Amino acid sequence: MSTFILLTLTGLGLAALYFLVASGLSLVFGLADVLNFAHGLFLSVGAYATWWAAGHLPGAGPTGFGFVLAAAFGVVAGAAVAALVELVLIRPLYSRTIEQVLVTVGLSLAGVALLQATWGADPRPFPRPEWTRGVTGIGGANIPNASLLLVLAAAAVLTLLLLFLRFTRVGLVIRAGVENREMVTALGIDVRKAFTLVFAIGGAAAALAGALGGVYLGSVSPAQGGSLLIFAFIVVVIGGMGSVVGSAYAAVAVGLLQQFVNYYGTAGLGDICVVALLAIVLLVRPQGIAGRAVTA
Amino acid sequence: MTQAVSAEAPPAATPPELAPPRRRLAAFAPLVVLVVAVLLPYSTLPLPGLFDGALNKPGNLQILAVCLVFGGLAASYDLLFGRTGLLSFGHALYFAAGVYGTDVLVTHAGFPLWQAAVFAVVGSTILAALLGAIALRTAGIAFAMVTLAFAQVGAILVARDFGGLTGGEEGLPLASDGLPDFLLGVANTVNLYWLALAYLAVVVLVVSRVAASPTGRVLAGLRDDERRVGVLGLDPYRYKLVAFTLAGGLAALGGVVYLLVVGGASPHVTSSELTLSLLVMVVLGGPGTRWGPVLGGILYMYLDHRLTSLSADLPGPLGQPLFVLGAIFILAVYFFPGGLASLRTRIAPLRAALKRSPTS
Chain P
2 MSTFILLTLT
12 GLGLAALYFL
22 VASGLSLVFG
32 LADVLNFAHG
42 LFLSVGAYAT
52 WWAAGHLPGA
62 GPTGFGFVLA
72 AAFGVVAGAA
82 VAALVELVLI
92 RPLYSRTIEQ
102 VLVTVGLSLA
112 GVALLQATWG
122 ADPRPFPRPE
132 WTRGVTGIGG
142 ANIPNASLLL
152 VLAAAAVLTL
162 LLLFLRFTRV
172 GLVIRAGVEN
182 REMVTALGID
192 VRKAFTLVFA
202 IGGAAAALAG
212 ALGGVYLGSV
222 SPAQGGSLLI
232 FAFIVVVIGG
242 MGSVVGSAYA
252 AVAVGLLQQF
262 VNYYGTAGLG
272 DICVVALLAI
282 VLLVRPQGIA
292 GRAVTA
Chain Y
4 MTQAVSAEAP
14 PAATPPELAP
24 PRRRLAAFAP
34 LVVLVVAVLL
44 PYSTLPLPGL
54 FDGALNKPGN
64 LQILAVCLVF
74 GGLAASYDLL
84 FGRTGLLSFG
94 HALYFAAGVY
104 GTDVLVTHAG
114 FPLWQAAVFA
124 VVGSTILAAL
134 LGAIALRTAG
144 IAFAMVTLAF
154 AQVGAILVAR
164 DFGGLTGGEE
174 GLPLASDGLP
184 DFLLGVANTV
194 NLYWLALAYL
204 AVVVLVVSRV
214 AASPTGRVLA
224 GLRDDERRVG
234 VLGLDPYRYK
244 LVAFTLAGGL
254 AALGGVVYLL
264 VVGGASPHVT
274 SSELTLSLLV
284 MVVLGGPGTR
294 WGPVLGGILY
304 MYLDHRLTSL
314 SADLPGPLGQ
324 PLFVLGAIFI
334 LAVYFFPGGL
344 ASLRTRIAPL
354 RAALKRSPTS
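As given, the protein sequences belong to chains P and Y, one line each in that order.
Using our numbering, you'd call the opening residue of the first sequence number 2 and step up by one each time.
Using our numbering, you'd call the opening residue of the second sequence number 4 and step up by one each time.
Extracted from the complex, chain Y is given alone in its bound form (with noise of 0.2 Å):
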């Protein structure tokens, strides 16, 4: 009887050091799978069905670093979405700032790539600062029609190529006088990997550093009760004015590497549709966590890149990715409101009872 009170009772939090050895371990797990993704490209296993050819191939890594780059993209997103509670459409328009800002940069104005690229990081991190000072001054719905508005006028600027300078529906591929030699060539497509790797762990550090501090709590704060933060006399606009400015240059960061690791632009960054795809894996991946963004930015452009490849064998309407993504996304919205990560919790009580059938 006293035995099965115990087991009822909730357990109480242990300190760290006394922690069991096994949850010890799991503290140096991101550690861990970095270490595992910095040696990724030495490894020549064949992955077949999942890569074609060895895993080292440059083509296997340049679809990896693209990965890796909405994984980082992903998590900046969630930082409006998950963390603070703001529903942007707009996302993609600091990420086609940081593409095309650093690619005229280069292109047309000849700067050498850092410069370039700090110019456009710092340009577009001013102008998400200025549009989301506007587009703040409304909230949720309509903050989202705004911000679609907004990053529509990008999309209708690269579409236009007002003066010659983005090339218009043919994009702007990249000129190479600019850039250094180790991101030059196919044989150097490992640096390009571990860049956008950097990138990624940048931002997942940013992120999660800014969550865990103060201002990390009053966003959760403004995504849950917005009005009980304005009632503790805190300014909202403001806070949701720094992680909208914090999520745009982080997102511009992510268009460096990106114009990087494919080699130019293409009018494509800047469509609404990309916003819905960060959305989408977001949601997919567990929003609001540190993780999940990421494990759902990642997975999302590999099934859409393997899709595409795949879309010859596949029937009728399954050749569509967007069909296959946007119908799993319906379901996980309906079926697993919190994503990829959520699946531990929610496997863990399934686990507890079956471990405790057997005693009782």
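With the rest of the complex left out, here is chain P (with noise of 0.2 Å):
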């Protein structure tokens, strides 16, 4: 039981994970149509933008209160990151989606690449507060509490997403503008503006990630990002493009069926399973768990 327990919560924690990175991802899919390959390197400069305040950016530190700050800085500069990639990249190629596809293509390349030559490609020990070290006990299995962290990051996340998406007007402008973009800048609505806000939303939710992921597994490199990516891709083709709801379900699906079967299983074939799972999703339901029919 004990056992059972810790791989619910473990792969919870996976999941929480993954719907950081899907979430983002999903949410500029469905209103911009980019399928942003430089998501992954949102979630490094998070990473490392927390790594190099927790040991220069003063009153940051590696532990407690400094830690928060640290983070925060984090998610500041992937936000940012985000927000400029989408202004000067992603806007003067509108509506031209497979040269977006490109653009983001060879900025995970040469933004990797620039990480690599500043910091070097071995990973760097990541800072871990105390308390992110120790475990809880719950239901007699000791649990991790980083997993625990993780757990609680996405669920605040999913529902400030979802607060802001249902209760303000430029959500409503996002949620429009996702089921029909056309229809939203006919009626004389900056979707534009929306644009660059999702694409500040998704870097600051893949840089927390990139900020816990780093206190999860210990260590920051620079290829980090891309394979979290192929899963949070994975995510979004399965939660449905442009729902955050779906994401939502499909990274608890995915993360519990990756810890459960790596556990059971050998090592390695949780990861297959997952992907079965996406072509068994793509033969029933095309469209996703919770999304609309994809075109191309």
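Calculated directly from the structure, the hints in this document are not laboratory data.
One should not assume that every hint holds.
Unchecked claim - Derived list of chain Y stretches under chain P, where covered just means 3 residues or more per stretch with a C-beta under 8 Å from a C-beta of chain P: (1) 140-153; (2) 159-167; (3) 331-342.
Unchecked claim - Some chain P residues flagged as far from chain Y (calculated, every beta-carbon gap over 12 Å): (4) G60; (5) L70; (6) T137; (7) P145; (8) L166; (9) N181; (10) M184; (11) K194; (12) A233; (13) G271; (14) A280.
What the hints assert, rightly or not - Examples of chain P residues lying across from chain Y (beta carbon under 7 Å, computed): (15) G107; (16) I235; (17) D272.
Here the structure is a predicted model, which is why all the values come from computation and not from measurement.
Where a beta carbon is used, it is the ideal one built from N, C-alpha and C, also for glycine.
Each of the two chains sits in its own frame; use the hints to bring them together as a complex.
Right under this line is the structure:
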């Protein structure tokens, strides 16, 4: 029983990581039709900015409130980089989907190489606040606090995102834009402002995933974002593009499946099961759990 | 006045026999390049700055062979991306299937090379057909993500080293027992070079023949307007599957040649970065053209190699080949949408303007 609880909660921790990356991807794709390969870069930027701030920023530090400040700095850096990428690189290619994908591909290659040139390709030890190194006993199982932190953060982000989308005017514009962008534009609303905002939100969520993922994994390396990104893509497709709630469901399904199969089967089998799940969802319900039909 | 008008009129199409001799010669240019490429290993010409030492040193020949393989691989990817408009992020999977399939069959199962190669290529082609049948149920960006996910399974399978087959992170050196003598040893690098050249020639031939065939016209139609092809009564799904399968088979063949050239398999060939770099090669070279992807592939691999060996002398991020190539790629997307292949058509109006200005 305790093993079951442990696997469930660590699986949810993994799901939280996926959700933080996937929610931004999904919104960006739903609204702007941009498949953002540079999203993993935002994650790495968040992780490195947090790591840097913990060592250099006055007031910030590796533990306690100092770490919160460092993570906040990382999130702001991620959001700023994302907004900058949208304004400078994506916006001039408005509605040319393939070129936008190509630019984000180039950006992901060049950005990761830039991080590598600055801080080296080897993993760097990440600051882990005192509390996250411990465990909490739940139902007889010792759950790593880092997993709990991830779950709490993801739940908070999900709640905030839903409240933002449901109850604010900008949220309404974003939801309407995901539904039918041309109509929103025709009604005289500048959707492009919403694009920048959605990019910034996605960048912030990814940067948070980077900071907390660094705590979870204990180290940070330039290529980390890329490997997480692939599972985030899978989560987005399973969940349905443009749906935050769908991403949450899909992230939980993927995280739990991966954790359980990797434990009871051989390591690596869980990852393969996730792709099998993707294939099944595509065959049965190509638009994803909660999504609109995907068209070219 | 009349002269000015006739200068403005569009040039009428000239039948080939009346074309000026220079243009007739241009049709033979690929043949000339091929002959030069075949004879290249006999040249002892040193190219300082471009290569270390004489051109026909085994090390340089191997670099050239890798470049040629990637030229062919980029051309096979272009069959998907440039000719059919399918943005696949999983092309590395079929290449890796060719590499690892052949390697495992030769090294672990003790098959002779040619049998292993045939099995690997046929198996990879079937794999491409099966996975393509699933992935093509989606379109556009979703298709890209799904192919990426499938390729990721390949990367995981290789990295986790199930049953000790693939060697995991270490890679799997090719056992030399099953290989014919003319492919063994440093002195025979030149044969590997010719093999890579032959692969490139085969891919270019196949892709350009397919593109010129009625099927190729349908593929171009799918790229430009899929709905219209559907309205004409043709089944887009079936044609896309044909392109996907064929490209997968060609990539697997390239995998076999690559395995022989580098003498072993490494998990790098399964990575999604390989597919991304194929995309970069095609876009840099010029998608949907006969020579663009080939040039892009050769140039990319050469630059990658050259920048790596120069990286110690270059300051800061310039020492990272991927930073330079990624930045060039972004600039190319903005300023050279047609890639290298479009340079000639871009220069032509300029040259015409220069030629006209003295007479007027």
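task: Verify that the Cβ of P145 of chain P lies farther than 12 Å from every Cβ atom of chain Y, and report whether the claim holds or is violated.
output: The assertion about P145 of chain P holds, with a minimum of 24 Å to chain Y.
message: Minimum C-beta separation from A280 of chain P to chain Y exceeding 12 Å: can you confirm that?
response: Violated, because the least Cβ-Cβ distance between A280 of chain P and chain Y comes to about 5 Å, which does not exceed 12 Å.
field: Interface exclusion of L70 of chain P relative to chain Y, criterion Cβ beyond 12 Å
entry: Since the minimum Cβ distance to chain Y is about 29 Å, L70 of chain P lies beyond 12 Å and the statement holds.
- prompt: Quick one, is the G107 of chain P hint okay against chain Y at 7 Å, beta carbons?
  reply: holds (4 Å)
message: Please verify the coverage claim for the segment 140-153 of chain Y: does it have three or more residues whose C-beta sits within 8 Å of some C-beta in chain P?
response: holds (count 12)
message: Checking hints one by one. Is I235 of chain P an interface residue toward chain Y, by the C-beta closer than 7 Å rule?
response: Since chain Y brings a Cβ to about 5 Å from I235 of chain P, closer than 7 Å, the hint holds.
Least C-beta distance between A233 of chain P and chain Y, which was stated to exceed 12 Å: violated (10 Å)
Claimed clearance of chain Y by G60 of chain P, with the beta carbon kept past 12 Å: Non-interface label on G60 of chain P holds, nearest chain Y Cβ at 30 Å vs cutoff 12 Å.
task: Could you check that no beta carbon of chain Y comes within 12 Å of the beta carbon of T137 of chain P?
output: holds (31 Å)
field: Outcome, coverage of the segment 331-342 of chain Y by chain P - at least 3 residues whose beta-carbon is closer than 8 Å to one in that chain
entry: holds (count 5)
- prompt: Would you say K194 of chain P is clear of chain Y, with no C-beta pair closer than or equal to 12 Å?
  reply: Non-interface label stands for K194 of chain P: nearest chain Y Cβ at 23 Å, farther than 12 Å.
N181 of chain P remote from chain Y - nearest C-beta pair above 12 Å: holds (18 Å)
In this structure, the hints that do not hold are numbers 12, 13, 14, in rising order.
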